[in-house]
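Protein chains in written order, with our numbering: chain A, 1 to 264; chain B, 1 to 357; chain C, 1 to 270.
In short, the hints are calculated from the structure, not lab data. Careful: at least some of the hints might be erroneous.
When the alpha-carbon atoms are kept at most 16 Å apart in a straight line, the in silico EDC-like pairs for lysine to aspartate or glutamate are as follows [unchecked claim]:
| id | chain 1 | residue 1 | chain 2 | residue 2 |
| --- | --- | --- | --- | --- |
| 1 | B | K333 | B | E279 |
| 2 | B | K85 | B | D68 |
| 3 | B | K76 | C | D164 |
| 4 | B | K67 | B | D114 |
| 5 | B | K105 | C | E178 |
| 6 | B | K76 | B | E153 |
| 7 | B | K333 | B | E315 |
| 8 | A | K38 | C | E114 |
| 9 | B | K130 | B | E96 |
| 10 | C | K184 | B | E96 |
| 11 | B | K301 | B | E279 |
| 12 | B | K333 | B | E248 |
| 13 | B | K182 | B | E30 |
| 14 | B | K343 | B | E279 |
| 15 | B | K85 | C | E114 |
Label pairs and their calculated CB-CB ranges [to be verified]:
| id | chain 1 | residue 1 | chain 2 | residue 2 | range |
| --- | --- | --- | --- | --- | --- |
| 16 | A | G208 | C | Y27 | 21 to 27 Å |
| 17 | A | S157 | B | Q172 | 39 to 45 Å |
| 18 | B | H91 | A | T220 | 48 to 54 Å |
| 19 | A | Q4 | B | P345 | 22 to 28 Å |
| 20 | A | T240 | C | G124 | 31 to 37 Å |
| 21 | C | G218 | B | P73 | 52 to 58 Å |
| 22 | A | T220 | C | R59 | 45 to 51 Å |
Model, not experiment: these values are computed from the prediction. Backbone N, C-alpha and C define an ideal beta-carbon position, used for all residues, glycine too.
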Amino acid sequence: MIRQILRKTYIALIFIFLYAPIATLVVLSFNNSKTRAKWGGFTLKWYQELFQNEEIMQALWNTLAIASISAVTATLIGTIACISIQSMKKRNRAIVMGITNIPMLNAEIVTGISLMLLFISVGAHFGFTTILLSHITFNIPYVILNVMPRMKQLNPSTYESALDLGASPLQAFFKITFPDLLPGILSGFLMAFTMSLDDFIITYFTKGPGVHTLSTKIYTEVRKGIKPEMYSLSTIIFVTVIILLLLVNYSPKEKKPKTQSKKG
Amino acid sequence: MKDVLVDLNNISKSFDGHLVLDELNLYVRENEFLTLLGPSGCGKTTTLRILGGFEKPDKGQVIFSGKDITNLPPNKRQLNTVFQKYALFPHMNVAENIAFGLKIKNKPKSYIDDKIKYALKLVNLDGYEKRMPDSLSGGQQQRIAIARAIVNEPKLLLLDEPLGALDLKLRQDMQYELIRLKNELGITFIYVTHDQEEALTMSDTIVVMNQGYIQQIGSPERIYNEPENAFVADFIGDSNIISSTMIEDRLVEILGARFACVDEGFGTNQPVDVVIRPEDVELVSPAEGTIQGRVTHLIFKGVHYEMEVMANGFEWLVHSTRMVTPGTEVGIKVDPFNIQIMKKPESEDEEAVGVNE
Amino acid sequence: MSKKLLSVPYLFWSALFIIVPLLMVFYYGLTDKSGAFTLANIAAIASPEHSKALWAAVRLSLISTVICLLLAYPLAMILCNMKVNHSSFTVVIFILPMWMNFLLRTLAWQSLLEKTGVINSILGALHLPPLQIINTSNAVILGMVYNFLPFMVLPIYNVLVKIDANITNAARDLGANEVQTFFKVILPLSVPGMISGITMVFVPALTTFVISNILGGGKILLIGNVIEQEFTQAYNWNLGSGLSIVLMLFIIFNMVITAVTDKDGEVSIL
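Given the sequences, and given the hints that come with them, work out the whole structure.
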C-alpha cells in the first residue's frame with residue numbers, strides 16, 4: 001500500500017515538473033497585464049488580438065507549412081528508403097543506417113551550422129526554402145527509425161503469397177506490405193511533424209532575415225519581452241492537440257474495457 | 001495421508017473480478033509426479049504460481065512440509081520453478097545462470113563449481129559452462145533451466161509447460177529425460193500442461209482442471225479408462241460421448257438399443273452420459289451387432305484405421321487395425337466393461353464444477 | 001534490381017545534406033580566412049575563455065545527465081509496473097509537452113523561478129526561504145533536466161518493459177530478494193537503455209545555447225553560446241567550425257559507445 005502511494009506521489013511530482021511551465025503559459029494567456037510578473041485580472045483580449053497580429057500569423061503559417069511539407073516529404077523519402085535498405089547487404093545496410101543516425105546523434109547546433117555553411121557555399125538565398133530543406137533532412141531519420149522496425153517484422157511470405165495469387169509487385173506492395181507498414185509510417189510522420197514544429201536551433205541557423213517560424217519569432221522577442229498573443233496561440237495549439245488525442249484514444253469504435261484511470 | 005508434501009486448502013483467486021480458482025483443494029505426496037492438466041484458462045498455471053509464491057491467493061492456505069507458506073515470498077520457499085520459456089538470464093553464461101541461486105545463498109566456490117559440473121552432467125550438457133543462453137537451442141535452454149533449478153536441491157520442482165516450445169521429437173525425448181531426472185533426484189514434481197499425451201506418459205497422478213475447478217484426480221489409467229464426466233472424457237483422448245438412459249443397474253439404452261454394462265447405482269430410467277473409447281467399438285457383421293450402421297469415412301492413421309460409422313443418428317468414431325471400406329453395412333458391439341457411465345450434469349454450471357473432490 | 005534504385009533519392013539526399021555539410025565544417029575548421037590550412041581554430045579551445053566555456057558545459061551537462069538518470073530510472077520502473085496501455089500514457093506524459101514550443105516552456109520557468117515568481121510566492125506563503133536560482137548555473141541545470149528528461153525515461157522504459165516477467169520471477173524463485181534481483185538482474189539488463197538515455201541527454205545538454213541564454217540571464221557562457229556567437233555575431237565561421245570539431249569529438253565518443261552497446265538499434269526512443 002505504502003509503496004503504491006509512493007509510486008503515485010512520484011509520478012505526480014514528475015507530472016507537475018513537466019506540466020507546471022505549460023500551466024503557467026496557459027494562465028499567462030488570460031493575464032490582463034503586459035508583464036509576466038503580475039496578474040492583472042482575467043481577459044480574453046490576447047486571443048482577439050492574436051488574429052490581428054500579422055507577424056505572428058505569418059510565423060504560424062510558415063511553421064505549419066514547413067512542418068507539413070517537410071513531414072510529408074520526409075515520410076515519402078524515408079519509407080521508400082526503408083524498402084531498399086531492408087534488401088541491402090548487411091554491410092551496406094550498416095553504413096546507411098550509420099549515416100541515418102548522424103542527425104539524430106549529432107548536436108543540433110552542429111547540424112545547424114553545417115547546413116548553414118552548405119547554403120552559404122552554394123550561394124543559396126536564406127529563407128523558407130533553406131529552412132524546409134533542413135527540416136526534411138532532420139526529419140527523415142525519425143521516419144526511418146519508425147518504419148524500419150515494422151519492416152523487419154514483415155512476414156515476407158504474405159507479400160510472396162500475394163504474388164502467388166496473381167498480384168503484380170506494385171499491387172502486392174500497396175495491398176499487403178503498405179497496410180502492414182502503415183502504423184510505423186504514421187508514427188514516423190507524426191514524430192517528424194512534431195520535431196519540425198518544435199525545432200528552434202536548426203531553423204535559427206538556416207533562416208534568412210525577415211522569415212520567421214514561431215520558434216525564431218519567440219527567440220527574437222525573448223529580450224524585449226514576449227507578446228502575450230504568443231501565449232494564447234500556444235494555448236490554442238496545445239488544447240487542439242489534447243482534443244485530437246482524446247478523440248483518437250476514446251473514439252467510440254474501439255471500446256476497450258476500462259483501460260486506465262489517468263491521473264498524474 | 002502420510003508423506004504429504006504440499007497441501008492446498010480452499011484456495012480461491014480472482015483477477016479483475018474474474019474467478020480463476022474457486023475453493024481448490026489438493027494435496028501432493030512426497031516423491032510424486034503430479035500433473036495439472038487442462039485447457040488454457042483452467043487455472044492450472046495460477047495454481048502453480050500460487051505454489052511458487054508469485055501470486056497470493058485471495059482465500060485459502062498453502063501448506064508446505066507442514067508449514068503455512070501462504071504469505072512467504074518466492075525467495076524464501078524451498079521449491080524451484082522451471083518457467084514456460086525458460087527465463088534464463090540473458091546477460092549471464094550457462095555457469096553463471098546455474099550458480100545464481102547458490103551464490104545468493106553464499107555457498108563456497110568449490111561447492112558451486114562441483115554443483116555446476118554435476119548438474120550439467122545430469123542434463124547431458126557437460127562442457128557448456130561458458131556458453132551464453134542465446135547461443136543454445138530451445139531444448140538445451142530447457143535443460144539449463146532445469147539444471148539451474150535443481151542445483152538448489154529443492155524439495156519440490158514446479159514445471160510450467162516446460163516442453164511447450166519444443167518440437168514433437170524433442171518433446172518426446174525430454175519426457176523420458178524428465179522421468180529419469182525425477183527418479184534420479186527423488187524429488188516431487190508438479191507439472192503443468194495442456195497436452196494430454198504428455199500427462200498420460202509421465203505422471204503418477206493427473207489432476208484434470210477446467211474453469212477453476214478440479215474435474216478429476218487419478219492415475220493416468222483411471223483418468224483414461226474411467227472418466228468421471230463428459231469434460232474429462234472429451235479432453236483425454238478421442239471418445240464417443242452419447243446421451244443415453246440408464247434403464248436399471250447394468251443395463252443402459254444407447255440410441256434406442258440396449259447395451260449390457262457393469263455400472264450400478266444410477267437408479268432406473270435416469271438420463272446419463274455414456275463414454276465409449278473409439279478403440280473399444282467393435283465392428284462386426286450387421287446380424288451380430290447391437291445396433292447397425294454404415295461406414296461413412298475411412299482414414300489411415302499409421303497404427304490404426306480411423307473410421308466414422310453412422311448408426312441410429314450418431315456418428316461413431318471407431319479405431320481399428322482392420323479396415324472396413326466406406327459404404328459397408330456393419331454392426332456395432334461394445335464389451336460391457338468398456339462402457340463408462342457418467343451422471344448427466346443438470347446445468348452448465350454443474351458441468352464446470354464437476355466432481356469437486 | 002528496382003529495389004536498389006529506390007534508395008537513390010535518400011542516398012542522394014543524405015550525401016548532399018548530411019555528409020557534405022559535415023565535410024564543410026571540417027574544411028572551415030581546418031582553414032583560416034584566406035583558405036590556408038591551420039590548426040589554430042582547434043587550438044583556440046585552449047584559450048582561457050573557450051576552455052572555461054567548454055568545461056562549464058561539460059560540468060553542467062554531466063550534472064544534469066546524472067540527475068536525469070536518477071529521476072528517470074524509478075519513473076521508468078513505475079511506468080513498467082503500472083502495466084497501463086503504455087503507448088498512450090507515455091505519449092501523454094512525455095510527447096505532449098513538445099507541442100508547446102520549447103522556448104516558451106523554458107521561458108515559463110523564468111516566470112516560475114523569478115525572485116517574485118510563482119514558486120517563491122508559494123514558498124513565502126509557507127514561510128519558507130525563497131529560492132534564488134534564476135540566472136545561476138542551477139537554473140540552467142534545471143532547464144536541461146526539464147527539457148531532456150523524456151529522452152532518458154523512454155529508452156530505459158523501453159528496455160525494462162522488454163524484460164520478461166519470468167526472468168525476475170526466476171531470480172526470486174532462486175532465492176534472490178528484491179534488492180538482489182534488482183542489482184543482479186534488472187540493472188545489468190537495462191544498461192543498454194541507460195547508455196542510450198545518457199547519450200540522448202548528454203549531447204543536447206552539452207551543446208545547448210538556448211537554455212543557458214534564457215535561464216542563465218547571459219551570465220552563463222557555455223561552449224554552445226560561444227559557437228553561436230562566432231557564427232551569428234562575430235561571423236568568424238572558421239573559429240566557430242574549429243570549436244564545433246572539438247565539440248564533435250565528444251559526440252563521436254558518444255556515438256561509438258552507443259554503436260557498441262546497441263548493435264541492433266533495438267533501443268531507440270520510440
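Results for each hint:
At most 16 Å may separate the alpha-carbon atoms for a hinted pair to count; K333 of chain B and E279 of chain B meet this at roughly 12 Å. For the proposed pair K85 of chain B and D68 of chain B, the alpha carbon gap of about 29 Å is over 16 Å, so the pair is violated. Distance hint between K76 of chain B and D164 of chain C is unfulfilled; the C-alpha atoms sit about 22 Å from each other, more than 16 Å. For the suggested pair K67 of chain B and D114 of chain B, the alpha carbons sit about 31 Å apart, so the restraint of at most 16 Å is broken.
The straight-line distance between the Cα atoms of K105 of chain B and E178 of chain C is roughly 14 Å, inside the 16 Å bound, and the hint therefore holds. The straight-line distance between the Cα atoms of K76 of chain B and E153 of chain B is roughly 14 Å, inside the 16 Å bound, and the hint therefore holds. Annotation: proposed proximity of K333 of chain B to E315 of chain B holds, straight-line Cα distance about 15 Å (limit 16 Å). Between K38 of chain A and E114 of chain C the alpha-carbon distance is near 12 Å, which keeps this suggested pair within the 16 Å criterion.
For the given pair, K130 of chain B sits about 9 Å from E96 of chain B by alpha-carbon distance, which is consistent with the 16 Å threshold. Between K184 of chain C and E96 of chain B the alpha-carbon distance is near 11 Å, which keeps this suggested pair within the 16 Å criterion. Distance restraint check for K301 of chain B and E279 of chain B: the Cα-Cα separation of roughly 13 Å lies within the 16 Å cut-off, and the hinted pair is therefore satisfied. For the hint linking K333 of chain B to E248 of chain B, the alpha-carbon distance of about 20 Å lies beyond 16 Å, and the restraint is violated.
The straight-line distance between the Cα atoms of K182 of chain B and E30 of chain B is roughly 12 Å, inside the 16 Å bound, and the hint therefore holds. Simply put, K343 of chain B and E279 of chain B have alpha-carbon atoms about 23 Å apart, too far for the 16 Å limit, and the pair is violated. A C-alpha spacing of about 56 Å is found between K85 of chain B and E114 of chain C, which places the hinted pair above 16 Å, so the restraint is violated. For G208 of chain A paired with Y27 of chain C, a C-beta distance near 23 Å keeps the hint of 21 to 27 Å intact.
Roughly 29 Å separates the CB atoms of S157 of chain A and Q172 of chain B, a value that falls outside the hinted 39 to 45 Å. Restraint check, H91 of chain B to T220 of chain A: a C-beta distance of roughly 51 Å satisfies the suggested window 48 to 54 Å. Distance hint check: the CB atoms of Q4 of chain A and P345 of chain B are about 43 Å apart, inconsistent with the given range 22 to 28 Å. Against the hinted window of 31 to 37 Å, the Cβ-Cβ separation of T240 of chain A and G124 of chain C comes to about 36 Å, which satisfies the hint.
Roughly 56 Å separates the CB atoms of G218 of chain C and P73 of chain B, a value that falls within the hinted 52 to 58 Å. Taking the beta carbon of each, T220 of chain A and R59 of chain C are about 30 Å apart, not inside 45 to 51 Å as hinted.
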